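Engineer: Listed here are the chains, written in short residue letters.
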Amino acid sequence: MKIEGKTAEAFVSEVSQDIVSHTLHEAPESWPALRQALREHFGETAYRRWFENLHASGNDDVMTLKLPTRFMRDWVEAHYGDTIRTLWRQLIRNGRIEFGVSAPILKKPDAAPALNPAAMPGMPAGDALAAPLAAGECDLDPRFTFDNFVVGKPNELAYAAARRVADSDTPGFNPLFLYGGVGLGKTHLMHAIAWHIRRHYPQRRVIYMSAEKFMYQFVRALRYKDTVAFKDQFRSVDVLMIDDVQFIGGKDTTQEEFFHTFNALVDRNRQVIISADKSPQDLDRMEERLRSRLGWGLVADLHPATYELRLGILHAKAEKLGCQVPDKVMEFLAHKITSNVRELEGALNRIAAHAQLVGRTISLEMTQDVLADLLRANDRRITIDEIQKKVAEHYNIRLSDMHSARRARQVARPRQVAMYLAKQLTPRSLPEIGRKFGGRDHTTVIHAVRKIEELSAYDAAFKEDVELLRRLLQG
Amino acid sequence: MTQQIPLPLPHKVAMSADDFVVTSSNQEATMWIQQWPQWPSVCSVIHGPSGSGKTHLMHMWLAKSHGKALTSHDLLRNEPGALIMSNRNIAIDDAQQIATNPVAEEALFHLYNALKETGGSLLLTAEKPPAKWPVQLADLRSRLNAAPALGIHAPDDELLTMLLIKQFHDRQIDVGMDVVTYIVPRIERTTQALREVVNKLDQAALSESRGITIALARRLLS
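Heads up: the protein sequence lines correspond to chains G and Y, in order. In terms of numbering that gives the first Met the number 0, the first sequence is numbered consecutively and its last residue is 474. In terms of numbering that gives the first Met the number 0, the second sequence is numbered consecutively and its last residue is 221.
A portion of the hints provided could be inaccurate.
Unchecked claim - Derived DMTMM-like pairs: lysine to aspartate or glutamate, alpha-carbon spacing no greater than 25 angstroms straight-line:
1. G/K388 - Y/E187
2. Y/K115 - G/D146
3. G/K462 - Y/D177
4. G/K450 - Y/E187
5. G/K389 - G/E307
6. G/K250 - Y/D177
7. Y/K63 - Y/D92
8. G/K319 - G/E307
9. Y/K115 - G/E307
10. G/K335 - G/D276
11. G/K462 - Y/D92
Quick caveat, the hints were computed from the structure, so don't treat them as lab data. This one's a predicted model, so the numbers in the text were calculated from it and none came from an experiment.
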């Protein structure tokens, strides 16, 4: 994925550089020597904790050392300041040091590099706040066009009806009533109709609004005794679309007003398009006369997407996002996320955004990681007992060997793996983990964790093995 | 020996960006906040255990986006249209509370739609990702499930060390690094446990009028 000519990797590495450190090209000449001195004086651990992220600027006479946070600055100055200054004066006679904060987190929004809007659609464009809910016509989602609607068996009737309505100037059926479960494309089709008309028949006036907004505007009009203006906005309209009409269920005055608006438009042969989550006769807390009216025209439903349609949608979406998604990942998503199209697309969005953010290539493992919250049925707490059991099974040793004093390699290594996983997957303290493993000391646990990290660093097969166990345990 | 009774003096918790400690546990969430306004969708969610820095990140975002923090109570009292009149960017802390309250769920749903129309952003924080909230309103559930959810992971040793120091620092307690390195491997690795330990040490040190040392930590942790 490219961001204004930069690769995602370059972009991400810039961002992370911003967080943890800064480039050193402007550093004072003797700064490397001081760094070396700090490392020798305080030792590797303290050096890494406090001084690795120091950003030096200025010159040898007056050098400013900046730390990532205010707290770190205070701490370093209070605890290490004198020593640092002494070390500096050994290098530069009369050299001064000041401490500061590099404060990288708060950047001005406009300083951040802009993502390519084509790659990340749905971005807020410009200042759209002007009169947020006063005007009747809302901004349409630029992604929701007919071209972007993936047609399959479950939605072909609704799609055909929407196309027909968009292209005819006299209503063939009035109203067009689209219904289906959440996230199956009702709003998409309505926006597509509006886009199509705006583009091909600009003289026709289209209003699209959610039922909630209709209600909000109406209630406000009542409050300010301005119902005339409210009614007026619908008078000259050629196409009125009301989304999610179920939300006026139980709101009697709003229903009444909606009923009149609806009738007035239909009587004057203007097109009305309604969407809801249920068919007209199944709408809850809706007046009978309104229910029956809503069913007069064409009622088209959208069914949940089939596997093939889901796969088709993912392919279309990935192409729009301009990102490389392996087929395996597509199939996995189409197989796993069956609830609705919004969540399916949302999942792909999340993976793409994540890949861009942390510069990871999209793979099956990465997908499972990023979407763990959606994919994992439960996130119960993992216990140390479970870890011991799974690890013992995996390496084919006895469970009792987890607690035993035996030191033979074939039991000691699995035990260390189990300790490592206990530290990674549970919040238990190290002494507690030690106790669970036959009353061992917490330093033994620390040793085990280090050992496993070391082994993982150069033995890819071993690392995979441990990862597999982690996945198994996380379910 | 007479014991001094310590007055419960509240300490000021530093909440600005300068005070946020970034480590591998929260790096993704932090980067996400930094990326605003280039978010790919209206709503983003940051989730993680209590005390893991969600509220801190939220305040950083509010400062950056000039947004407004709402409570679930605000959602119940006001019309979504009125809520975003003056603010196009909204954050709700502990947002999973709205789940199962039908009025609040619907209010959040309309707020989401209204923000989508005006091009605003919505940041939610919660302990769990939205997929685990018992949201009843299907329209809302699918929107939340489609939102990028950034997890803050259980703190690693590095973060625990930093947080422990920060806790002491927030209370203006000066402790040696030896005490910090003694405590970290011996407590439950949650920010909650960390806070409790600092509290206990603070109380003990105050009431016994002594400094915080390894000996004191050893006594209180055993």
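Engineer: Please flag the earlier hints that this structure goes against, numbers listed from lowest up.
Structural biologist: 3, 5, 6, 9 and 11
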